[in-house]
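Here the protein sequences come in this chain order: A and B. Residues in the first sequence are numbered consecutively from 1, following my numbering. Residues in the second sequence are numbered consecutively from 1, following my numbering.
Keep in mind the hints are simulated off the structure, nothing from the lab. There's no promise every hint is true.
Stretches of chain B that chain A covers, calculated by requiring three or more beta carbons in the stretch to come under 8 Å of a beta carbon on chain A [to be verified]: (1) 41-54; (2) 103-111; (3) 117-130; (4) 139-150; (5) 248-262; (6) 270-276.
All C-beta atoms in this analysis are idealised placements derived from N, C-alpha and C, irrespective of residue type, glycine included.
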Amino acid sequence: MEQPVLARHPGRVGSRRGRARLGKALAPYLLSLPAGLWLLVLFLIPLVVMLSLSLQTCNFGTGACVMTWHWAEFPQQLSLYHAQFVTSFYFAGAATLIDLAVSFPIAYWIAFYGGNKKNFFLLMLLVPFFVSFVIRTVVWEFILSDQGVILGSLKNAHLLPQNFHVLATGGAVVAGLAYNYLPFTALPLYVAIERIDRRVLDAAYDLYATRREAFTRVILPLTIPGIFAAFLLTFVPALGDYVNQQVLGGTGNTMIGTVIQNAFLVNLDYAGGSALSAVLLAIALVGIFAYARVLGSRTIEEYL
Amino acid sequence: MSAVVTAPGGPASQDVSPARAPRRRRRWTRFVLPAYSWVIIAYLVFPIAVMVLYSFNKVTTGLPQVSFAWNGFTLQWYEQWKDIPQLTSAFWLSIRLAIVSTIFATVVGTLLALALVRYRPPRFRGKAAVEQIMFLNIAAPEIVLGASLLGLFVTINLARGFVTLLLAHVAFSIAYVAVTVRARMAGFDRSLEEAAADLGANSWVTFRKITFPLILPGILAGALMAFALSIDDFVTSNFVSGSAVPFPVWVYGATRIGIPPQVFVFGSAIFAVGILCAIASVVIGWRKPT
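Same shape as in the complex, but just chain A (with noise of 0.2 Å):
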């Protein structure tokens, strides 16, 4: 039953209706292939030029790199920078956490309270997208500084000591991760529970269940695929985060993307930094990789 669309003049005459007949079969692969071909291009084969670039040695003058087979740059990079990754999944780690866990009930009140003024709440969730992400960081920064509008005034009236300090730490790091991201976590919650299907509830009720158990029996095993979208997409471009760090942190306190960047427009180490980038990658791949297993790659499309 299926009419290829943009397959011109369906077969009038003769040799015209083996044409559309071709042109019929071949219109799902012409419909994705300038798509296809784009993907290819900038985003598979990059890949590969990463991974070949890791194993090539590059002269850091003029970055240019030759191929050595230069298997010992992963190690070498992971012996100076293992600290960097920790301090990563630290960051990323309990900012997605804060995330959840701010974001769990507000989701909740939306989807089962929100009542005609759904859209409104989903909108001021979504407020912060509406200023660009380098501006909300330095934004935070005048906000944490140490005479800014709130530091100031409570050291003003004594309620601090005067060399308390947030920036630079690397709670500011991630209190700016938090921030940035909630949303990413928030609108997956909101759409899982707001897919909980009141009945299942009511049922549970009607069998003398508590709202207690009714929460944690049934509206939280119903949220998990939830909850594992919301730690995809938050936990993921945390961890290759490095404008929150840059803006919000301190020398001590160096994210892995503040490394790979340095690597690549700094020291122009172009090996160095695709041998970092590609270990950020395969740890991405697992959690990646894990999500697709479980709940199929398909469903990442239902909390975009």
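Starting from the known structure of chain A, fit chain B onto it as the hints suggest.
Frame of chain A, contents of chain B only:
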């Protein structure tokens, strides 16, 4: 999506068990949760309010940077919004880039969505592979994508500038556009197309008169997504920008030496335009209840 919900408000559970779930639940859902939610919304809006506020902050030192301390109200920066030529040109570059990349990504992504919605494996071999690639593209950390693109451009010796930015922005938008358009096409009624064909329309006329108008809202949603992704992108742009510096990359560079107040003026303006568009779409949605 919100149309699916049970009609009367939602708190169905309350009505079911009034005897067993008395006072405490009411107080909890009536006061604690709403209060909490409004606190979170305030938390999300607070930095934006600070940004707007600081765009009116006077500068007391001679340097053109916003100070952390509040020095008094001024409209100076709104009057001198284009006094920093690099910032203004970065802003227009971002707008141009977003428009062009939106056009490319929307066309390419919509075609892909059409293929994914209408064809299944016997006719469309490799569909699963395409879906896996899209998923990977969306879920992979952006810094890896940006770094690998830089690696590619360096390897093939392509000078970094507007072209590399455009290639990269379209690359990370296609999957999002395809997903958005496909989601909106899910409830598409194929019998309308068949009716058009029965009435003698050829494929092209059917597409132009039936299919395209019906999927247009989905395409617009996809285009909006692509535009928002492009204009706000920092991580990938920072890797592939080279001499052409888009707005977020310029702002990031400026954090090292101090942010000129005009940045907050641009930020406030973009925010105002975005919010107006969002409110307009909500209002239009109200007028036409589905």
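Going down the list of hints, with the structure as the test:
no.: 1; hint: 41-54; verdict: holds (count 10)
no.: 2; hint: 103-111; verdict: holds (count 4)
no.: 3; hint: 117-130; verdict: holds (count 6)
no.: 4; hint: 139-150; verdict: holds (count 11)
no.: 5; hint: 248-262; verdict: holds (count 5)
no.: 6; hint: 270-276; verdict: holds (count 4)
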